[in-house]
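Letter by letter, the chains look like this.
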Amino acid sequence: MALAEHAAGMKLRQFLPRLSVGIWSLSGFTFLWVIGIVVPLLGILLFSFLQTKGIKVQWDLTIKAYEKLFFYGGGPLIGRTIRIAATMTVIELLLAFPFALWLAKGAKNQNLKLITFTLLTVPFFLSPVARVIVWRSVMSVHGLVNTALLDIGLVSEPVEWLIFSEFAVHLGYLGQYFPAMVWPIFLSVALIDDEYLEASKDLGASRLRTLVHVIFPLALPGIVAGIIFTFVPMLGDTVVPQQMGGGNVMMISHNVYTMIGASNFVMAAALSAIILAIMLAFQVLLWAALRPVGGLNNVFASLRR
Amino acid sequence: MAVINASGSASVSDAVRVAGGEQILEVVNATHRYGEVTALDHVSITARRGEFLTLLGESGSGKTTLLRIIAGLERPSAINRITIDGTDATLLPANKRNTTTVFQHYALFPHMSVGENIEYGLRVRGMPKPERRQRAEKVLELIRLPGLYERRVHQLSGGQKQRIALARALVTEPAILLLDEPLGALDEKLRIDMQVELKELHERLGLTFIYVTHSQEEALTMSDRILLMRHGRVVQEGPPTDLFERPVARFVAEFMNVENLLDGTIERASGAEATVRIGSHLLRGPWTGRGAAMPGTKACVAVRAERIQLGPAPSHDAQSINHLPCRPGVTIYKGKYVDQMLGTEIGPVKARVWDRSMEISTATAFWWRANDCAIMPVESE
Chain A
1 MALAEHAAGM
11 KLRQFLPRLS
21 VGIWSLSGFT
31 FLWVIGIVVP
41 LLGILLFSFL
51 QTKGIKVQWD
61 LTIKAYEKLF
71 FYGGGPLIGR
81 TIRIAATMTV
91 IELLLAFPFA
101 LWLAKGAKNQ
111 NLKLITFTLL
121 TVPFFLSPVA
131 RVIVWRSVMS
141 VHGLVNTALL
151 DIGLVSEPVE
161 WLIFSEFAVH
171 LGYLGQYFPA
181 MVWPIFLSVA
191 LIDDEYLEAS
201 KDLGASRLRT
211 LVHVIFPLAL
221 PGIVAGIIFT
231 FVPMLGDTVV
241 PQQMGGGNVM
251 MISHNVYTMI
261 GASNFVMAAA
271 LSAIILAIML
281 AFQVLLWAAL
291 RPVGGLNNVF
301 ASLRR
Chain B
306 MAVINASGSA
316 SVSDAVRVAG
326 GEQILEVVNA
336 THRYGEVTAL
346 DHVSITARRG
356 EFLTLLGESG
366 SGKTTLLRII
376 AGLERPSAIN
386 RITIDGTDAT
396 LLPANKRNTT
406 TVFQHYALFP
416 HMSVGENIEY
426 GLRVRGMPKP
436 ERRQRAEKVL
446 ELIRLPGLYE
456 RRVHQLSGGQ
466 KQRIALARAL
476 VTEPAILLLD
486 EPLGALDEKL
496 RIDMQVELKE
506 LHERLGLTFI
516 YVTHSQEEAL
526 TMSDRILLMR
536 HGRVVQEGPP
546 TDLFERPVAR
556 FVAEFMNVEN
566 LLDGTIERAS
576 GAEATVRIGS
586 HLLRGPWTGR
596 GAAMPGTKAC
606 VAVRAERIQL
616 GPAPSHDAQS
626 INHLPCRPGV
636 TIYKGKYVDQ
646 MLGTEIGPVK
656 ARVWDRSMEI
666 STATAFWWRA
676 NDCAIMPVES
686 E
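Protein chains in written order, with my numbering: chain A, 1 to 305; chain B, 306 to 686.
Because the hints were derived from the structure by calculation, they are not lab data.
Don't be surprised by glycine CBs; every beta carbon is placed ideally from N, CA and C.
Hints are supplied without guarantee of correctness; some may be wrong.
[Unchecked claim] With a Cα cut of at most 25 angstroms, we get these calculated SDA-like pairs of lysine to any residue: (1) Lys-64(A) - Gly-245(A); (2) Lys-105(A) - Ala-225(A); (3) Lys-401(B) - His-213(A); (4) Lys-466(B) - Leu-211(A); (5) Lys-434(B) - His-213(A); (6) Lys-466(B) - Asn-297(A); (7) Lys-466(B) - Tyr-196(A); (8) Lys-53(A) - Ser-263(A); (9) Lys-494(B) - Ser-462(B); (10) Lys-105(A) - Phe-216(A); (11) Lys-68(A) - Phe-216(A); (12) Lys-401(B) - Thr-210(A); (13) Lys-108(A) - Gly-365(B); (14) Lys-105(A) - Arg-380(B); (15) Lys-443(B) - Arg-428(B); (16) Lys-53(A) - Ala-262(A); (17) Lys-466(B) - Pro-217(A); (18) Lys-108(A) - Arg-380(B); (19) Lys-466(B) - Val-299(A); (20) Lys-113(A) - Phe-216(A); (21) Lys-401(B) - Leu-197(A); (22) Lys-434(B) - Tyr-196(A); (23) Lys-434(B) - Gly-294(A); (24) Lys-64(A) - Ala-281(A); (25) Lys-434(B) - Val-212(A); (26) Lys-105(A) - Lys-401(B); (27) Lys-466(B) - Arg-209(A); (28) Lys-105(A) - Arg-338(B); (29) Lys-105(A) - Val-683(B); (30) Lys-434(B) - Leu-211(A); (31) Lys-434(B) - Phe-216(A).
[Claimed, not checked] Far from chain B, by Cβ distances over 12 angstroms, these chain A residues were calculated: (32) Leu-26; (33) Gln-51; (34) Ile-55; (35) Lys-64; (36) Thr-118; (37) Leu-120; (38) Arg-136; (39) Asn-146; (40) Leu-150.
Bound-form chain A, shown alone (with noise of 0.2 angstroms):
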């Protein structure tokens, strides 16, 4: 016995030395991430089953938060910013999906090109705040398409609607995760040989039919990722509810801040947990989708050629 496990350490001794370096680092950036990410993100859950009194923590677990959660309009809350952020998803990827097509496959001039290219880095590189209070001006009862409106003669009344709605909102998400979106479709589509769709012509397909069954197939990683890039930060933002809703339109992010900042660390504990399954939850509802045509290995198979 003694002896069978002195040849298991043995064993283990000769292999661990012949891991590459690659394994080792691999492993040491899956600590970083237990350590960074999923530690923390176990603390959120794990405090939002517990309760404070003034500044002490009460080591019992109980639902206290959720309940408290759904008896104060928690439902609707998180149904709007789900439908909000599902919303602008789907109105993104109809927006991307043909400007990528054109970018990656119609744009013949190099310049305009490049120019496109800088374009869409500016939400990197700009701070959200900045970008959506430009939106205020223009869109507030004195901006400039109210003042516009008012002078052809089309209202005779500003619209209101125009800022601290839920309008307003859907707008300000759009030009913020355009480029979320475009990104990878735009790499996914710019990777798909030529010749994959001169065969498809030459076979007798029409352009329609090239679309349906070669480009956007090849281009389901980029599309995939798109979504996962929009949808989920969307989730998480605070900027465009609070500078676009105006207080107007709630959702779960800005009231995780919002509780944050009254010391109600429980609930804000609470509101994350369930940003965190709403994640889950779309999780699953991607893999389901994905499954007829052979699961995320599958979709990404095709980018091997």
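Mind docking chain B on chain A? Use the hints.
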């Protein structure tokens, strides 16, 4: 598939083929420019039904451009007319033309199985699934890869991919099959096997093949007729024997791998015969250039290494023999034969010796029959 159904129809189609056949393709006066570069320069070609026509040339000769214009994948800068199987296709897009292409890198859709790839052309024509599958399985048998229907594209070997690409193009029963260097990516042994297989497939289906290649060997093996292209023009056209035996210009002889190209000036010309002066030597041979041979113009004597005999020339029949003194140079062992380099007064000459027992390093003279060489102009036009 052009399956021969009744016993009588086979002989009829053979008769048509022998008689020159009806025309299935006509390209009239096609020109194509990429910016400043003229890829195709006023080219007109025709193909008969059931013909194996090869477009031969180096890269940049315009052969692939011409193929793409026939497929409809490239819109020519200027053209009078393209007719495919009796239909004016000049303005038709690729998806409306009765042709399919086997692409150089196969272009098999990576997200589809082998079966889905083959059925693609039928699917976009709205054929129901069971019928599609049946046709796909049949074509898979035709190319001798039954049972690969469910396979993923990335699991295939190079040779299998090549055949699946062929199957995908054949399944829609096009009037003309276009092949763009289809064997280019295969290793040598596979390439030679596939040459035979393509040739057999062509015979069996009676389909018109238009085949693009840069390999003179492939062209000679498979074609009924070859169009040799250079700088966007057709330099010579004819059956393989014509290009091999009777090159119309030095370039053709060079492209067809004639080892010895001896440049000189025409001394005398009489009908089909010409005499070329190189230094102090006079060489005779048949004139294969397009027009008549003009004394005083530059010409080239092309003679293949295997037609050269070592040793003193036979004394009889001196009129029909070219002979020269030489000193032996390097001997290159090639396995089946030996290439002997010879130093001569008109430059180096390569002789091919098949007889291994022969003492070659002592040769002081060599000769060849006048009819075994060809004399042609140095310039193409």
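Status of each hint after checking the structure:
1. Lys-64(A) - Gly-245(A): Cα-Cα ~29 angstroms, so violated.
2. Lys-105(A) - Ala-225(A): 20 angstroms, holds
3. Lys-401(B) - His-213(A): Distance of about 18 angstroms is within 25 angstroms: holds.
4. Lys-466(B) - Leu-211(A): Holds - the C-alpha atoms of Leu-211(A) and Lys-466(B) are around 24 angstroms apart, at most 25 angstroms.
5. Lys-434(B) - His-213(A): Holds, because 15 angstroms separates the two Cα atoms, which is no more than 25 angstroms.
6. Lys-466(B) - Asn-297(A): Holds - the C-alpha atoms of Asn-297(A) and Lys-466(B) are around 23 angstroms apart, at most 25 angstroms.
7. Lys-466(B) - Tyr-196(A): At roughly 14 angstroms apart (the allowed maximum being 25 angstroms), Tyr-196(A) and Lys-466(B) satisfy the hint.
8. Lys-53(A) - Ser-263(A): 12 angstroms, holds
9. Lys-494(B) - Ser-462(B): 14 angstroms, holds
10. Lys-105(A) - Phe-216(A): Satisfied, since the Cα-Cα distance of roughly 13 angstroms is no more than 25 angstroms.
11. Lys-68(A) - Phe-216(A): 45 angstroms, violated
12. Lys-401(B) - Thr-210(A): 14 angstroms, holds
13. Lys-108(A) - Gly-365(B): It holds: about 23 angstroms lies between the C-alpha atoms, which stays within 25 angstroms.
14. Lys-105(A) - Arg-380(B): 18 angstroms, holds
15. Lys-443(B) - Arg-428(B): 16 angstroms, holds
16. Lys-53(A) - Ala-262(A): Cα-Cα ~14 angstroms, so holds.
17. Lys-466(B) - Pro-217(A): With a Cα-Cα distance of about 21 angstroms, the restraint between Lys-466(B) and Pro-217(A) holds, given a limit of 25 angstroms.
18. Lys-108(A) - Arg-380(B): 17 angstroms, holds
19. Lys-466(B) - Val-299(A): 21 angstroms, holds
20. Lys-113(A) - Phe-216(A): OK: Lys-113(A) and Phe-216(A) at ~22 angstroms, within 25 angstroms.
21. Lys-401(B) - Leu-197(A): Between Lys-401(B) and Leu-197(A) the Cα gap is close to 15 angstroms, so the pair holds against 25 angstroms.
22. Lys-434(B) - Tyr-196(A): Between Lys-434(B) and Tyr-196(A) the Cα gap is close to 22 angstroms, so the pair holds against 25 angstroms.
23. Lys-434(B) - Gly-294(A): Distance ~20 angstroms between Lys-434(B) and Gly-294(A) Cα, so the pair holds.
24. Lys-64(A) - Ala-281(A): 23 angstroms, holds
25. Lys-434(B) - Val-212(A): 18 angstroms, holds
26. Lys-105(A) - Lys-401(B): Holds, because 22 angstroms separates the two Cα atoms, which is no more than 25 angstroms.
27. Lys-466(B) - Arg-209(A): Holds, because 23 angstroms separates the two Cα atoms, which is no more than 25 angstroms.
28. Lys-105(A) - Arg-338(B): 22 angstroms, holds
29. Lys-105(A) - Val-683(B): 46 angstroms, violated
30. Lys-434(B) - Leu-211(A): Distance of about 20 angstroms is within 25 angstroms: holds.
31. Lys-434(B) - Phe-216(A): Roughly 21 angstroms separates the two Cα atoms, so the pair holds.
32. Leu-26: For Leu-26(A), whose nearest Cβ neighbour in chain B is about 25 angstroms away, the distance exceeds 12 angstroms, so it holds.
33. Gln-51: 53 angstroms, holds
34. Ile-55: Fine: 58 angstroms to the nearest Cβ keeps Ile-55(A) off the interface.
35. Lys-64: 51 angstroms, holds
36. Thr-118: Fine: 27 angstroms to the nearest Cβ keeps Thr-118(A) off the interface.
37. Leu-120: 27 angstroms, holds
38. Arg-136: Label holds. Min Cβ-Cβ 45 angstroms, cutoff 12 angstroms.
39. Asn-146: 49 angstroms, holds
40. Leu-150: Per Cβ check, Leu-150(A) is outside 12 angstroms of chain B; nearest 51 angstroms; holds.
Consistency note: the structure conflicts with the earlier hints numbered 1, 11 and 29.
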